[in-house]
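Undergrad: Chain by chain, the residues:
There are 6 protein chains.
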Amino acid sequence: MRLSRVISLITPHAVAEAHCDLPCGVYDPAQARIEAESVKAICEKYQANEDPEFRTRALIIKEQRSELVKHHLWVLWTDYFKPPHFEKYPQLHALVNEATKLAGASGAKGSADPEVADKLLAKIDEIAKIFWETKQA
Amino acid sequence: MRLSRVISLITPHAVAEAHCDLPCGVYDPAQARIEAESVKAICEKYQANEDPEFRTRALIIKEQRSELVKHHLWVLWTDYFKPPHFEKYPQLHALVNEATKLAGASGAKGSADPEVADKLLAKIDEIAKIFWETKQA
Amino acid sequence: MRLSRVISLITPHAVAEAHCDLPCGVYDPAQARIEAESVKAICEKYQANEDPEFRTRALIIKEQRSELVKHHLWVLWTDYFKPPHFEKYPQLHALVNEATKLAGASGAKGSADPEVADKLLAKIDEIAKIFWETKQA
Amino acid sequence: MRLSRVISLITPHAVAEAHCDLPCGVYDPAQARIEAESVKAICEKYQANEDPEFRTRALIIKEQRSELVKHHLWVLWTDYFKPPHFEKYPQLHALVNEATKLAGASGAKGSADPEVADKLLAKIDEIAKIFWETKQA
Amino acid sequence: MRLSRVISLITPHAVAEAHCDLPCGVYDPAQARIEAESVKAICEKYQANEDPEFRTRALIIKEQRSELVKHHLWVLWTDYFKPPHFEKYPQLHALVNEATKLAGASGAKGSADPEVADKLLAKIDEIAKIFWETKQA
Amino acid sequence: MRLSRVISLITPHAVAEAHCDLPCGVYDPAQARIEAESVKAICEKYQANEDPEFRTRALIIKEQRSELVKHHLWVLWTDYFKPPHFEKYPQLHALVNEATKLAGASGAKGSADPEVADKLLAKIDEIAKIFWETKQA
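Chains as they are written, first to last, in this note's numbering: chain A, 1 to 137; chain B, 1 to 137; chain C, 1 to 137; chain D, 1 to 137; chain E, 1 to 137; chain F, 1 to 137.
Quick caveat, the hints were computed from the structure, so don't treat them as lab data.
Among these hints, one or two may not hold up.
Just a sample of chain B residues kept apart from chain E, beta carbon distances all over 10 Å, derived [said to hold, decoys possible]:
(1) 48
(2) 52
(3) 83
So, partial list: chain E residues that the calculated Cβ filter (under 10 Å) puts toward chain A [claimed, not checked]:
(4) 21
(5) 75
(6) 77
Every residue gets a Cβ at the ideal spot worked out from N, C-alpha and C, and that includes glycine.
Full structure from sequences and hints, please.
TA: So, in structure tokens, the structure goes:
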């Protein structure tokens with residue numbers, strides 16, 4: 001079961017949270033996580049298939065999905081998290097910065113290794129944990 | 001708690017499911033649902049605020065979010081659901097068609113009424129219920 | 001001469017039909033067909049050219065054009081076709097579903113074979129035939 | 001009957017023509033024309049409906065469709081037309097430039113008057129006429 | 001004269017700097033600044049023109065340009081700046097976070113006041129100043 | 001030092017100029033130039049690295065950056081330059097047309113040769129020279 005779901009079960013938070021820039025007030029780290037799971041699955045399929053056409057397609061799509069991971073994380077960082085959150089979690093800036101780097105050229109974009117995608121997923125889960133704590137507060 | 005989460009808790013399914021066109025095998029109706037929740041929140045904020053600038057911005061963003069709902073539902077319909085699913089659930093074609101229409105001009109795009117967004121959410125939950133049943137099978 | 005044009009010549013229909021989600025009332029299956037013709041031409045050029053840079057570019061662009069085929073067909077299915085159409089043409093749901101699958105991973109995205117593109121074009125023509133019949137009625 | 005269709009009937013040209021940047025060799029001025037017809041229909045609906053929500057949505061969508069008109073015309077100008085065409089049709093540069101301006105702020109974007117859309121359509125037809133002459137040659 | 005230009009004149013740095021995620025190594029805060037200047041100009045034109053069509057268009061375009069400001073700043077934060085930069089400039093995380101917030105709902109997206117755009121421009125200049133110092137080092 | 005900067009230093013022009021289709025009045029050839037510098041850097045990295053994954057990624061990103069070059073140049077041609085400019089600079093139409101072709105299939109998209117990118121940069125500088133002259137007038 002995915003970590004964000006486990007966390008969402010054991011914490012009594014409201015369900016819906018802002019994610020567009022109205023702002024509508026619906027944010028959910030699941031958006032970044034779903035794309036990162038896709039990136040990992042792409043890496044696994046890439047390693048298991050040596051057909052050059054398939055591999056080129058895998059890299060094209062991995063590039064797009066990794067960009068979506070970055071975007072969803074940037075939105076949380078800018079639009080959801082507020083100064084009090086950064087004060088309470090002094091590591092939060094660096095954490096999101098590292099996660100977005102792990103979705104970029106030095107991470108999931110630049111590598112087709114599923115272990116790199118796993119590191120990205122772990123970072124997203126760290127952010128999700130903080131996210132859900134702040135929702136609970 | 002959102003329905004797709006409740007369902008995901010009471011059914012022993014695998015967690016990750018395809019959503020890009022490699023295909024990676026990671027699909028999740030939560031993507032459509034999160035955008036639709038955003039649409040509903042936008043409608044509520046629209047009704048509660050008569051400032052013309054705010055209202056114009058709300059309509060701009062509602063248009064984008066509704067389009068994302070349509071897109072995520074189309075992806076499920078074309079990329080996740082297969083002929084055996086349509087055979088087992090004969091109402092599935094019409095259901096997705098109605099849901100996408102409810103996200104369009106005759107639904108959430110064409111109206112700022114939260115009740116219209118509620119109807120869209122209900123349709124998405126019907127699709128999600130079938131989705132999770134097929135994951136379990 | 002492309003089929004949609006032949007059909008348009010032998011049937012006395014109005015020329016302009018809705019395609020945006022206002023809705024403006026201008027729909028035309030030619031939009032999907034033009035992109036699918038592009039996909040076929042890309043496949044032919046791919047097969048005729050072994051230069052790896054050219055082939056990678058061909059796959060990048062084929063991915064984009066195939067996505068546009070899917071999008072234009074989805075718009076017809078959701079925004080143009082109405083319940084009476086689905087009643088009169090019970091095969092219409094499956095037809096559009098198959099056509100969009102033929103533009104995706106199990107079709108034109110996943111293959112650089114011009115014959116796959118031909119199958120996609122044939123499906124689009126079946127949809128276009130129904131489309132123009134409904135315009136005439 | 002739209003002009004490009006009339007022309008396509010009376011001239012013995014090949015059907016498919018390049019439009020992506022492989023290049024695939026499939027170009028068709030119908031792409032710009034369909035979007036411009038949409039723009040015109042939006043203007044007409046705008047004038048006939050004073051509901052502020054509807055009008056805002058009309059302006060949002062008109063902006064997008066007008067941008068597509070510009071894009072399709074730019075593609076013809078850069079990717080399809082070659083130096084010999086510009087030599088044979090010395091007015092062609094100015095013609096496309098005026099057409100794209102008519103799709104922008106000083107034309108269909110900046111105005112909701114159907115007559116402005118008509119001027120845009122007329123310019124597109126002038127370009128289409130030249131286009132089909134060059135296909136024939 | 002814009003600040004980034006003044007700075008670029010008085011410091012002997014290399015001209016080209018990474019901005020895509022290859023990474024290509026071409027970054028330039030001018031990208032964010034040009035979009036923010038556009039946002040400011042839109043605000044000024046909005047205040048000077050009470051035509052409702054014009055105002056709606058201004059808000060549509062301001063939304064897009066503000067999003068581009070956010071995107072360009074996010075790219076600098078994730079792709080250009082590295083741990084040693086964050087160590088040397090401990091305020092850098094908060095600075096970029098504030099700048100992106102100033103381009104969003106609580107800033108240039110949510111307001112048509114040119115003074116809000118001025119604050120955004122000032123923040124971008126602070127980031128640009130640090131950027132050019134790091135290029136020089 | 002990049003040419004547009006040198007020119008901007010020796011000519012007493014206003015700094016900010018239109019680039020969105022409000023129009024906001026902020027145009028700057030630097031936008032096209034930054035993307036073209038990126039294209040050149042990508043070509044150089046491509047030639048220096050034989051890893052197939054890296055090369056595929058380089059081609060994916062080069063395709064996107066070249067498209068942005070075309071887009072920024074098209075915007076200048078349609079939205080900034082006016083009939084009096086085309087009258088004063090009779091070569092301007094052909095110049096922009098050649099520059100956009102050099103960013104497309106017969107130029108930077110179709111080739112990974114840094115010299116092709118250099119030709120593109122030189123054309124952009126010719127356009128920038130005219131642009132700044134017209135700002136000065």
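Undergrad: Would you mind marking each hint as holding or not holding in the structure?
TA: Here is how each hint holds up against the structure:
| no. | hint | in the structure |
| --- | --- | --- |
| 1 | 48 | holds (16 Å) |
| 2 | 52 | violated (8 Å) |
| 3 | 83 | holds (39 Å) |
| 4 | 21 | holds (5 Å) |
| 5 | 75 | holds (9 Å) |
| 6 | 77 | holds (7 Å) |
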